[in-house]
Amino acid sequence: MQKVISKCKTEYESKTKLSKEVKHMNDVAVTVNGLRKIYGDSTAVDGISFEVKRGEIFGLLGPNGAGKTTALECLEGLRRTDGGRMRILETDPERETRKLRNLIGVQLQTSGLPESMRVDEAMRFFSAYHGVEPRYDLLERLGIKEKMSAQYRTLSTGQQRRLSLALAATHNPPVLILDEPTAGLDVASRVELHELMSELQSRGTTILLATHDMAEAEKMANRVAILLRGKIVATGTPRELTAAGEGLTKVSVRAEDSSLSDPGLTFPAVKQQTSKEGYAVYYSADIGPTVSAIIAYIQSKGDRLIDLRVERPSLEERFLEITTSGGLR
Amino acid sequence: MTAFVNHFSFEFRTGIREKTLLLMNYLFPLGFYFMVSLFMGQLNPYFHETMLPGMIVFTIITATILGLPNPLVSARESGIYRSYKINGVPAMSILTIPALSTMIHVIIAAIIITATAPIFFGATLPVNWPTFVLIVLVTAFVCAGFGVLIGVISKNTRVTILWSQLIFLPSMMLGGIMVPNNILPPILSKISMLLPATYATNALQGLSFNRDVSFSSSWSLAILLASGILAFVLASYLFSWDSRNTTRRGHSLMALLVLAPFIIGMVLL
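Protein chains in written order, with the working numbering: chain A, 1 to 329; chain B, 1001 to 1269.
Possibly wrong hints are sitting among the right ones.
Partial list, computed: chain B residues near chain A (C-beta under 8 Å) [said to hold, decoys possible]:
id	residue
1	His1007
2	Phe1010
3	Asp1212
What the hints contain is simulated information worked out from the structure, not anything from laboratory work.
All residues carry an ideal CB built from backbone N, CA and C; glycine is no exception.
Looking at chain B on its own, in the form it has when it is part of the complex (with noise of 0.2 Å):
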């Protein structure tokens, strides 16, 4: 347990004590927010409506996808895990603590949009509270276990920034965070329904906002549930202590299998 406290009061000072991870964490995503807000305000009437969720969604994919995974590949290729496997930290507490404390950065960053969003822009609260605060940690849970899925099959961090690209930048424009999903094009809405944004906004309007919305919200909680223990399952089963470890058990590529519930969604729903 003095462990567990001691490795994750070290990981959570280090998501403020370094600057990238700081930038990540807090000082982009509520700029980001702040700007924004200051703009879509006034040039979309209906922002402050759609303002909370899509910022919150925002904030979680840019600490978790953006900043989780490079901190991961660096601490490997340095030779970091080496140290920590010979001194008895389980491979666990390497995926789970950093995953964690950034969920915690996440939630504290949330909460400051939450708490001045309606004070400062206007923005709608949530209807139901309790589903609020419930799909806000599903979505951090979820977009971390993706961080550390992308951290622990990136052979570097230039093979990082490539894939947490690849989940950042469509998330923005296709995962209702500035467009609402359902006046996107049906082409684009299918593809959209392979992000997991998608389903964190789809379940914050139809759950905590009480809005219709395109597809079923609890579903999209579910699959959103399903595709974070699964990204947790496969980063686990695929981390390897260093990278010149040949003893990985799975292909990088398997990862992929994490889009499995979100392929799902988007046949069924």
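For reference, chain A alone in the conformation it holds in the complex (with noise of 0.2 Å):
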């Protein structure tokens, strides 16, 4: 009795388990396990692994040459990898190329369209090799449609860049590659752009994105990965990565009169203060005992609050403390 149960336990902790992976695999958009690539006596991408799931913007960031255009071209089918394994919704780039082309759609950091192309020729030419009819609603969206008379050459960065992004996401792909798609573009063409990722994420559009804007990644995207000289050296979410660093979280605060002017005045958590246009400036390891400790303080001298400000570190701190530091961190 007891070897049937224990075997009846066996077979439903294995179906559980496999319904588990099966249930994961089909959350999963892109998986990339060991990926390497190697140009000569370098290796521009030195077994990366990472999984994007169905619905994310995932973030690629890294310093210049740090492999994730390379990382990015293989996914897309450009390169021939030397190692690992990858997979867009269970299609492998390199061997199944004609099924990927469906799949993704591509924003290269290059511009990728002849000079003499005119916007909607461009449209036209390339939802035809897709075989779906032209997006010009896309164009319109995206601010352009007012050029689809101009050739590629005479449309400014900005423009390039939206249409670009307008072609890579005609035949409406369930997976977007976008390589540095904000590089160039104003604030107000970023917003734009920024907002129809948003858009498209909301459709179920899963979205790789490799920027070196932090801002961007910190706004845009649910989890990112920093790459240094082919790795990757972290990651998780924005918050996570920030939280995981050693910054210190800034804390401004400003009072009515005197009482924050005294230079010996310490706070808990607190490991490096100044003084800045009439605030108190407190840059503290533990964000909760340090502000509690100076409201108390300010009451307990009986002066009055005018101002405090609180400012978490950013990815771009993080950034530049894992990428200075080599990484080791």
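Hints given; two lone chains; assemble the complex.
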């Protein structure tokens, strides 16, 4: 009896595990496992592994030459890998290139369009190769519909980037790969593009985003991986990454009288302090005790709090911390 | 089919829209034709007899050998092919559609020359029109193949110019365009048999104008066709999506195999 129960239990656990695995597999849009790419003596991508879930915006961050573009090009089927395994929606980008074409939309870092191609021609050209109707609505959405008859060479950098994104999204691919999508864009275009990315994500599109722009990654990405010299040195949500660092939270306080002006004054968890433009500025390793103590101190001195600002360490600070330390942290 | 039509339509318009291509497809060959016909007609009383084959072959090699390779190299170097690959544009379309659109431009220019040369310069017209049309089409096909092959193997536009001029300049001097092949010294006549222009003018003179030629015109046509097919096969084999891609299947010097039919012709004819 005990043996039967044990067998049933094992079968149940096995089925449950399998079911979890299947569910997990279906939730994953992009899998990269031990990817390697070597150019001569130089290892551009050195055994990186990550997963991107369906509907997620995944940021690939790193300094120039870190291997972001090479990794993306392997996923796009443009480069032969020297090791590892990749899957985009269970499709092998190296072997099933034909199938891959309709699964991904790619905005390359470089132009990728003939100089004399007009905007409407580009839309018709790429739509036809994907077997879909041209999406002129995307051109309108991205504010380049009035440039329909303009040649690619006459477009501004921002317009070229927006056209490139429209073309990448024209066949409504489940996975979008964007390599530096906002490089060279003005603030308004950047906001517009971020809105479009959010809209696409809300419709279930998975976005793999390579960027130098930490603010963009922090704002847009659900999770990020930081690449350094071909290796992933940190991965997680932007919040997790910043929390894992040694970055101190900045607390700027202004009181009505001079209760905070004593240079010898200290508060719990404060590692550094300074003053700037009438504010006492504290860098705290543990924000809770510091803020409580500051408020209590001001009240105890009969002073009045005018302003208190808390600035969390940014992803950029964490990124710099990781990259300048050679990824050892 | 829609993709092919869109792609062809774009490439054809590019042949007029791009100043360099407009120059190579129409302005330079037609300008050269008018200028040379004006002067050579006065210098050489027999020029009107060889004018049509010479000028048409000149038009074809200008558009295909000089004009066609550079855009292919530039497109590859600027990452346009990478974008094409990602979006499912087949390599075959990248190679054949520009060749086809250039052939159409060349045929338009050839029609202009054929229509105007007898009126303005008293050029002799072909006696056998079907073979004339056939040979012009085959020559355009062959030279387009050479143009595509040069575009595929050239690492950059400077190398393209080198390869193109290696065919273009000798063709001008030895290929029967300006000077009939049968009046060349024997050694130069033999060397000229490494050039597609020699076989094209020979086939046109022999089969379309029924003139005496120094070697078989039918074999000229066969050799031309063989080298054209070989050029496209080699271009397809050696094609790479971008210069950083290390997966090219063969060394670029393999392209010299395209001369094999001409070497056979040089030995046997």
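Verification of the supplied hints:
1. His1007: 7 Å, holds
2. Phe1010: 5 Å, holds
3. Asp1212: Violated - the Cβ of B:Asp1212 stays beyond 8 Å from chain A, reaching only about 47 Å at its closest.
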